[in-house]
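Q: Build the full structure now, drawing on both the sequences and the hints.
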Amino acid sequence: MHLHCLLKTVNCELTTDNGYVFFNHTPTPVSDMPNKILIPLYGREVAPRFDLAAEAVFVTLGTDPHDRQEKLVVLPRVSAEKLCHMILTEGIDTVICGGIEEEYYQYLTWKRITVYDSVIGPWEKALERLIGGGLRSGDIITANPEADVE
Amino acid sequence: MHEITGLFDHPIALDKILDEIPTGIVILDKNRRIRYMNRAVSALTGYTPNQGRGVACHNIIKSQVCLKDCPVRQMNKDTGSVCVQSDLINRDRQRIPIRITAAPLTDTSGELAGYMETIEDIRSYAQTGADMGRAFSFSKMIGKSPGMEKVFRMLPMVAQNESSVLITGETGTGKDLAAEAIHESSGRAKGPFIKINCGALPETLLESELFGHQKGAFTGAVENKPGRFRLAHNGTLYLTEIGDLPIALQVKLLTFLDDKIVYPLGSTRGHEVNVRMIAGTHRDLEQMVREGRFRKDLLYRLNVVRVHLPPLRERGEDIRLLMDHFRNMFTAEFGKKIEGFSNEALMLLKNYTYPGNVRELRNIIEYAVNVCQAARIDLPDMPAYLVESQEQAETPETRYAPSAPAAPGAARGEQNPPDSWAETEKRMIIDALIKAGGRRNKAAAILGWGRSTLWRKIKQYNIE
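So the protein lines, in turn, are chains U and H. Letter by letter, the first sequence follows residues 1 to 150 in this note's numbering. Letter by letter, the second sequence follows residues 1 to 464 in this note's numbering.
It should be emphasised that the hints constitute simulated quantities derived from the structure, not laboratory data. No residue lacks a Cβ here, since even glycine has one placed at the ideal position from N, Cα and C. Be aware that a few hints might be false.
To give a feel for the contact side, a few chain U residues facing chain H, derived at Cβ under 10 Å [said to hold, decoys possible]: (1) E45; (2) V46; (3) D51; (4) L52; (5) T60; (6) G62; (7) T63; (8) E102; (9) Y104; (10) D117.
A: Have a look at this one:
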């Protein structure tokens, strides 16, 4: 591959100045807003346990906050490892979950995935709070008790 | 602030009492939302009582059992307590093994008001369990002979399920210890372990003892008695000497094993109990069935998993292992400094037949440690009957005839006078050689020995 083409793929430009050669790297603009979110589910709630979730919802956000795609997935097996693998292969950048073991939390954050853990409450309200920029790990969202799983 | 009224002259603060209890306590309403949780639960889960109030229980406790099979979900006002082991993940992202005991709460009129759960951190028990796995032992049982290794391999597996267990073996082989070991290693370890000797009580008393009675059921029944089955709820019931259980009670036990409901004497109302059944006997139950003294269907129900404990005379090297174990145990207990056994005492103990098995060996060593004044246990420190039996056995007879194969689990010691270990070992070698068609490799494999051990023993016993 030609050097210029190769540099373009990594957003670098070759310039010369007084005989010196410079690589100018322009990093890809990273939006603060999450793009792909995964929430393990227990009924309509965020699943209390990451490792025991049998369902999950994938949310893809567009440029307009109201324009979002949701995909509900029934997981083939209840397993924290499988869920981590799915998060990586699906290109998820944010996870909202309940209790998660340190080992999996560290692994996901090491893979540059933002994890909001120990979140309690209906998943849609948690998502709204995330989009509004107000979600924190450990949040308890129980404004409407009827929404909880019986 | 919650209050208890009626206990003292003035109302007292419930929160302060519950906060001082080191076990986690959660009080739930009828919808399984947390009304109150004490300080121990806060420490365990990482949520403050204020954060937990009004939240569905499974979101705070986050235990596996809450999500898969909630113990409270099927409870009503009449349900007894339920005890389950599980784990939780707390806010510090730690997974902690716990034991949950749940019970319904009723108001003064007996109507269901909510539920109470106690949550215990069992990390320390789990570590104790790891310590139990020391070499040549399981729980309090010790041995390294092939027979005992087989038992040690079997017991942890048996402990993990709920099947009924039948433990057979001669007197003193450790049936009670095996039953306790199964209970201690099972999920019911924190629950009660209730032992009943079926041969120790007359039939009428035994029925009341096992199944309980209603007030006024018979003369002298001045109050309700729950019975051992109900006392063993969420635990294990060990019926020792099951062979001595009267036929009439065998039928009642059979009914209980089928539907797990206890009907106390004089009561028409049954109580559902969750009990694991272990039975033990030194009798040959198959023989008793043939003689019509034990119900065949009860035998089949109890005999789901059978554990046979070999007699000490068939355990070879275990005799030395147990001798040293008991010597260490009693020297520490009595504060003595005894380093070992003289050669004569060693020979006497190794060649004795032990009709009372491990219990007899233990008693012999306890006696010897009590009596011994020197650094080593010698012949004069031994019980008199042991030395006399050696003198009587000075005319050895050599028996080369192979023994007839015994029925599995049969208590062989009752039929024939027991041989010494040396004689038994010699017979075992000859049996193995016959079975292997003279091939020493195969015979060694049958005996669970190395080839060189077999060769050495063949030389030692002068077997041709």
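Q: Where does the structure disagree with the numbered hints, that is, which hint numbers, in rising order?
A: 5, 6 and 7
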